[in-house]
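**Student:** Got chain A; can you put chain B with the ligands on it based on the hints?
Each chain is listed here by its residues.
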Amino acid sequence: MSQVSANATEASSSGRPILQVKDVAVHFGGIIALDGVSFDVPEGAILGLIGPNGAGKTTLFNCLSRLYIPNSGDILFEGQTILNTVPYQIANLGIGRTFQNLALFATMSVLDNIMIGCHSRSKSDFLSNALRLPWVGREESMLQDIAWELIEYLQLGDHAYDPVGGLPFGIQKRVELARAIASKPKLLLLDEPAGGLNHDEVEELADTLRQIGHDRNITVLLVEHHMSLVMAVSDVVVAIDFGRKIGEGTPAEVQQNPEVIRAYLGTTD
Amino acid sequence: MTTSTLPDTEMKSGGAPRRANPADRLRVFGVSLPWIRRVSILIGLALALFLPFYMEGFGVFQLTQVLYLSIAVLGLNLLTGFTGQFSLGHSAFMAIGAYTAGIMMDQWEVPYYLTIVPAGIVCFAAGFLFGLPALRLEGLYLALATFALAVAAPQLLKYEHFEPFTGGVQGLDLLKPDSPIAFLSNDQWWYYFSLFFGVLLFIAAWNLVRGRTGRAMIAIRDNPIAASTMGINLSLYKSVTFGVSGIYCGVAGALSAIVVEFIAPESFTFIFAILLLIGMVIGGIASIPAAIIGGAFILYVPNFSEMAVDFFFGGDPASKALVWISFGAAMIIVVYIMPMGVAGFVKRNLRRLAR
Ligand SMILES: Nc1ncnc2c1ncn2[C@@H]1O[C@H](COP(=O)(O)OP(=O)(O)O)[C@@H](O)[C@H]1O
Ligand SMILES: [Mg+2]
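Residue numbers (my numbering), protein chains in the order written: chain A, 402 to 670; chain B, -12 to 342.
Chain A on its own, in the form it takes in the complex:
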């Protein structure tokens, strides 16, 4: 636990928030998925976003990747609104993500999937690729270096050339994580990375998440159901329910929060 508190002090010392969610509301017809949610993600921190099923966590992620447009409110990344940014430019800004239900390129190999993660960091185009200009070869080589480093880092070496669609779920989850890190994001959005993993895999994931934050200088916004994981790795926790924020603070504070306890325990009545 000492590591966590060290992490927290470091995060708070780095000052300004990298991401500011301001009063974001999203409606789907009559359904109110988000009802004015606000919170800041400090640079360098791991922020855990928790909430029961249907609370609106994935919806918020989809707003952050500009797949959805909020009905009201604003989202600032490094002080700038992202609401005017087209979806494919989000990666260029430095926001990477994984998906709750996996969104890999099923027919492609693990290596190619991770190399696509580098798309926003490279620039060869139709003409230069068709002609295979000399600098294209060098760029490919650089992308391969990045991909292989992540393949070793996340222990995917045995499957590097296998089509991703046929791999076990836990491995696919790691591929998706590697693909997201490959874009060298400043902010990484992880939607239930522990979902479907067994106990050992969750332990490993906890280590990986701490390392990502520290070694690679990536701020992490973590949506997770697995409470012990969230509480172990997060510097700050935000809890939402029915599209509203019901608690915010250190893991210890949020665990004591009566509203949070009610949201989690009271779902049966």
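These are computed hints drawn from the structure, not numbers from a lab. C-beta: ideal position from N, C-alpha, C; glycine also. Mixed in with the good hints, there may be bad ones.
As the list claims (entries may be wrong) - Example chain A residues on the side facing chain B (calculated, C-beta under 10 Å, incomplete):
hint	residue
1	558
2	559
3	580
4	607
**Tutor:** Below, chain B with the ligands alone, put in the same frame as chain A:
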């Protein structure tokens, strides 16, 4: 330098160790898979270069047709096989290429060899411009829109106000000079002329799909939302792929006009667009060499069907219909035996034989 977008200082200069693909170590009859690949390419090239010397005029003419049909199938494969955008309208792009070349030769007396590149450029523009509105369409709706293009193209070519250029229903007779090389017959010369463009376009396609662009194309096919999240500009890639696909069909169309020395609206009906799609599926979706198999299939199999029907039911006036029936039967048999196309079939069996 152009690669300066990768200011990745934390990477050690050598990078992490790269592992070899275990599949490359597999051997079939003692030969490793990469060598099988290399040797097949060499054999293919040798065949392509020397076959015309062992065939008669009409045989060489048919080989030339296989060449430009393969180019068109490859163009369709880049769009449909790799990027996942359906098209039932690629006969229209071939028509545009053929008429660009034809009109240049017929109206402006441009030498035939200068018409190929313009045909490619015109079809790039046509493909790109069609691709823009098509961005809003997906799957079956895109197939329908492209089908409309295929149905409209022959009608537009017949339109009376275009007749001074297009020759209307009659089409255009194109005359071209004889083989400039003494030891090559005319048929052989047209073959090598087409082969030159074929080899260039196949190499370009191969380069394209194994690089950043090809990965992006396949990513769009596999999962467009994730592709967009990775920073891939879907609209740009889809519409440019439409244009590139147009280049291939445009060049194929121009070559067909030159080689056949005649173009008419009826050469580019929607049946032809469907034949291209059949060639792509039979050869193998998202495979480059498969386009050659596809081109050969749509040229030879209808011919063989015709010969077979002639042989068995020669006198029967209903035998015309039987040609299509036996073509259909051949298609069903191939798809049944090789559900992944010929390319997939070869690949799977090589893996099976490998140890
Ligand atoms: N595209 C959509 N269309 C309609 N309703 C949606 C859509 N996406 C999410 N919702 C609804 O919004 C609410 C929040 O969902 P979600 O963000 O997926 O929750 P969580 O990820 O916290 O489990 C749910 O009631 C869900 O049914
Ligand atoms: Mg969710």
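**Student:** Could you run down the list of hints and mark each one as holding or not?
**Tutor:** Against the structure, the hints:
1. 558: This interface hint holds because 6 Å falls under the 10 Å limit.
2. 559: holds (9 Å)
3. 580: holds (7 Å)
4. 607: Result: violated, 23 Å to nearest chain B Cβ.
Comparing the model with each numbered hint stated earlier shows that hint 4 is the single one that does not hold.
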